[in-house]
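K.L.:
Sequence:
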Amino acid sequence: MRVMMIQPNYHSGGAEIAGNWPPGWVAYIGGALKTAGITNIRFVDAMTNYIPDDKLAEMIRALNPDVVMATAITPMIYQAQTTLKIAREAAPNAITILGGIHPTFMYAQVLSEAPWIDYIVRGEGEEITVNLMRAIQDGTHLAQRREIKGLAFLEDGQLVATPAHPVIKDLDSLTPDWSILEWDKYIYTPLNCRVAVPNFARGCPFTCRFCSQWKFWRQYRTRDPKKFVDEVESLVRDHNVGFFILADEEPTINRKKFIRLCEELIARNLPVHWGINTRVTDILRDRELLPMFRKAGLVHVSLGTEAAAQLKLDLFRKETTIEQNKLAVKLLRDAGMVAEVQFIMGLENETPETIEETYRLGLDWKADMVNWNCYTPWPFAELFEDLGDKVEVRDYSKYNFVTPIMKPDAMTREQVLKGVMKNYARFYLRKTFFGYPWIRDKWKRKYMLGCLKAFAKTTWEKKFYDLERLKFNGMSSEWELGFDQSKVLTSEQIQDAKRLRPDLAADVNFKGTPSIIGKCAPTNDSQYLQVPAGRGKAEIISACGAPNDLQYDEDAVVTACGAPNHLHYDEDEAAPAAAEPSHPKVPDKAVAAPPR
2 MRVMMIQPNY HSGGAEIAGN WPPGWVAYIG GALKTAGITN IRFVDAMTNY
52 IPDDKLAEMI RALNPDVVMA TAITPMIYQA QTTLKIAREA APNAITILGG
102 IHPTFMYAQV LSEAPWIDYI VRGEGEEITV NLMRAIQDGT HLAQRREIKG
152 LAFLEDGQLV ATPAHPVIKD LDSLTPDWSI LEWDKYIYTP LNCRVAVPNF
202 ARGCPFTCRF CSQWKFWRQY RTRDPKKFVD EVESLVRDHN VGFFILADEE
252 PTINRKKFIR LCEELIARNL PVHWGINTRV TDILRDRELL PMFRKAGLVH
302 VSLGTEAAAQ LKLDLFRKET TIEQNKLAVK LLRDAGMVAE VQFIMGLENE
352 TPETIEETYR LGLDWKADMV NWNCYTPWPF AELFEDLGDK VEVRDYSKYN
402 FVTPIMKPDA MTREQVLKGV MKNYARFYLR KTFFGYPWIR DKWKRKYMLG
452 CLKAFAKTTW EKKFYDLERL KFNGMSSEWE LGFDQSKVLT SEQIQDAKRL
502 RPDLAADVNF KGTPSIIGKC APTNDSQYLQ VPAGRGKAEI ISACGAPNDL
552 QYDEDAVVTA CGAPNHLHYD EDEAAPAAAE PSHPKVPDKA VAAPPR
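Numbered according to my numbering, the sequence shown spans residues 2 to 597.
None of these hints come from the bench; they were simulated from the model.
Keep in mind that the hints are not guaranteed to be accurate.
[As the list claims (entries may be wrong)] In silico EDC-like links for lysine to aspartate or glutamate, alpha-carbon gap of 16 Å or less:
hint: 1; residue 1: 150; residue 2: 178
hint: 2; residue 1: 327; residue 2: 358
hint: 3; residue 1: 423; residue 2: 358
hint: 4; residue 1: 408; residue 2: 393
hint: 5; residue 1: 170; residue 2: 128
hint: 6; residue 1: 228; residue 2: 178
hint: 7; residue 1: 419; residue 2: 357
hint: 8; residue 1: 488; residue 2: 114
hint: 9; residue 1: 419; residue 2: 479
hint: 10; residue 1: 331; residue 2: 341
hint: 11; residue 1: 472; residue 2: 462
hint: 12; residue 1: 296; residue 2: 396
hint: 13; residue 1: 423; residue 2: 324
hint: 14; residue 1: 227; residue 2: 264
hint: 15; residue 1: 296; residue 2: 335
hint: 16; residue 1: 419; residue 2: 365
hint: 17; residue 1: 464; residue 2: 481
hint: 18; residue 1: 463; residue 2: 17
hint: 19; residue 1: 257; residue 2: 225
hint: 20; residue 1: 458; residue 2: 55
hint: 21; residue 1: 56; residue 2: 90
hint: 22; residue 1: 408; residue 2: 396
hint: 23; residue 1: 227; residue 2: 265
hint: 24; residue 1: 488; residue 2: 390
hint: 25; residue 1: 327; residue 2: 365
hint: 26; residue 1: 296; residue 2: 265
hint: 27; residue 1: 408; residue 2: 324
hint: 28; residue 1: 454; residue 2: 55
hint: 29; residue 1: 86; residue 2: 55
hint: 30; residue 1: 227; residue 2: 173
hint: 31; residue 1: 257; residue 2: 234
hint: 32; residue 1: 367; residue 2: 324
hint: 33; residue 1: 391; residue 2: 349
hint: 34; residue 1: 463; residue 2: 481
hint: 35; residue 1: 228; residue 2: 171
hint: 36; residue 1: 86; residue 2: 59
hint: 37; residue 1: 296; residue 2: 264
hint: 38; residue 1: 186; residue 2: 17
hint: 39; residue 1: 458; residue 2: 469
hint: 40; residue 1: 331; residue 2: 289
Whole structure, please, built from the sequences with the hints as guidance.
P.N.:
So this is what it looks like as structure tokens:
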């Protein structure tokens, strides 16, 4: 059986300013398939190689695959649908499969727009994909697909979504095959070396309302540090990787395991540096350990500070304060690490004054790097539902962190974008002349000048923040946001869509089409819904999306909903004691590789 895996040719001017990122899903899904005996796999990175649609069609015809697979984060969804349509036309007999966070929750809408997609893999994909591919290989998938958990598909024009597949409890059972990738293409510009994005942990026990990763992974789990470093050593030895970023939401939550990871890296003395995204509270908790983290090669830490005003932090349920953010930056810098902070821009209460305040905070905190990200209301996140018809733009291709989706009450979207770009220009101009060249630490100075090179290069190429949108007319300039106007809806149209097509709403609970929805509680509290005719037997699924036989992870001591279990504190896992417990309504930056 010939399998073709395709990374769709989508670009946004976001994370790709630092280089080309290897799509981790290919290594993890491809490795699972090879372990299952499905070894004839060809990967085409249409994104990194900028492969146009007509050339991609030629490549598909030449291979004549039996199965074509693709992935999609939200801004990539339309190109992913197009990619599989090209596959259907170029190889009519091939089975088309789509995975990723967007189709996981939005499968109803995706299949209504792209009926040429045969299957959607919902959630964590390794085991689901293997089960499906075995059935395809045996020729039994049409008869067995209702029994395969974690799928969505059309059957005689009717939508079917099978019950959720259990999460992979033992992440050390994963068998990624990184040899599938084109390693000469994945270069991290600041260090001019190869870059990887491996998984140490999956999930997040926090419930930030703008996020969706904690819903996608459902449970927080970690790998054995020694086995993870085995994988890192293989990446360094076999593929000459010089830098990696953990593809984890919160890798430092499990304090003892993260310490063991660092100790293992120190013991092996591998020639590799790395970076993470983490919470401010974890940096404050581990302040005495930061020099050891740096010795282990950790050089770049991105903090989810997210907002200028405490009002926004409360809205996002971030559970940190402005002063804590400032202290975390100082602690990282004192330990010789790069402190990067993230601000979310463009909410309804944004004003020119709040945009200016983020610039002043970046300077006051003495952050090494600042990113201003336009608020992106994931259609399957909690905050999206609260905002309701204020989210007029439903053109998902622009849900890319560099395009203002929301229109603030006191500003236009173009004014938000101009304010953000002004902040970038002022901040990095200061760093160019008064910051980076004068850093005493020789290695850090080289690294920061490399980051500056990445900014300059992508700005010159008009890739940074999608600068091709900036149009000049004489002495004036304006931003063309490029929305598909058919996807910019009025309040009335949004309400009509909810009323007339409720079936297209996001399935944030992994309940599938045959469902009896229960609370995260004993099954006798379940609320029974009538099962639509012809959709198979009902299955009890908890409201947080975890099957009821998965109430907790014994190792991580985190509830199935994804909320920290502060009533059962386990020092081995070091759930953040300083944070107040979150109370999610229901239990959501590829991969999960960074979006590009």
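K.L.:
Please go over all the hints and tell whether each is borne out by the structure.
P.N.:
Hints, verified against the model:
1. 150 to 178: It is violated: about 24 Å lies between the C-alpha atoms, which goes past 16 Å.
2. 327 to 358: Answer holds: residue 327 to residue 358 is near 14 Å, not above 16 Å.
3. 423 to 358: Roughly 13 Å between the alpha carbons, so the hint for residue 423 and residue 358 holds.
4. 408 to 393: holds, 8 Å
5. 170 to 128: holds, 11 Å
6. 228 to 178: holds, 15 Å
7. 419 to 357: Within the cut-off at roughly 12 Å; holds.
8. 488 to 114: Holds, at about 13 Å.
9. 419 to 479: holds, 9 Å
10. 331 to 341: Distance of about 11 Å is within 16 Å: holds.
11. 472 to 462: Holds, because 15 Å separates the two Cα atoms, which is no more than 16 Å.
12. 296 to 396: violated, 45 Å
13. 423 to 324: violated, 25 Å
14. 227 to 264: holds, 9 Å
15. 296 to 335: holds, 13 Å
16. 419 to 365: Roughly 22 Å between the alpha carbons, so the hint for residue 419 and residue 365 is violated.
17. 464 to 481: Holds, because 15 Å separates the two Cα atoms, which is no more than 16 Å.
18. 463 to 17: Cα-Cα ~12 Å, so holds.
19. 257 to 225: holds, 11 Å
20. 458 to 55: violated, 28 Å
21. 56 to 90: Between residue 56 and residue 90 the Cα gap is close to 13 Å, so the pair holds against 16 Å.
22. 408 to 396: Within the cut-off at roughly 14 Å; holds.
23. 227 to 265: holds, 6 Å
24. 488 to 390: With Cα atoms ~13 Å apart, residue 488 and residue 390 stay inside 16 Å; holds.
25. 327 to 365: holds, 8 Å
26. 296 to 265: holds, 11 Å
27. 408 to 324: Distance ~29 Å between residue 408 and residue 324 Cα, so the pair is violated.
28. 454 to 55: violated, 33 Å
29. 86 to 55: Holds, at roughly 12 Å.
30. 227 to 173: holds, 10 Å
31. 257 to 234: violated, 21 Å
32. 367 to 324: holds, 13 Å
33. 391 to 349: Distance ~8 Å between residue 391 and residue 349 Cα, so the pair holds.
34. 463 to 481: At roughly 14 Å apart (the allowed maximum being 16 Å), residue 481 and residue 463 satisfy the hint.
35. 228 to 171: Distance of about 12 Å is within 16 Å: holds.
36. 86 to 59: holds, 13 Å
37. 296 to 264: It holds: about 9 Å lies between the C-alpha atoms, which stays within 16 Å.
38. 186 to 17: The given pair, whose Cα atoms are some 13 Å apart, holds under the 16 Å limit.
39. 458 to 469: holds, 14 Å
40. 331 to 289: holds, 13 Å
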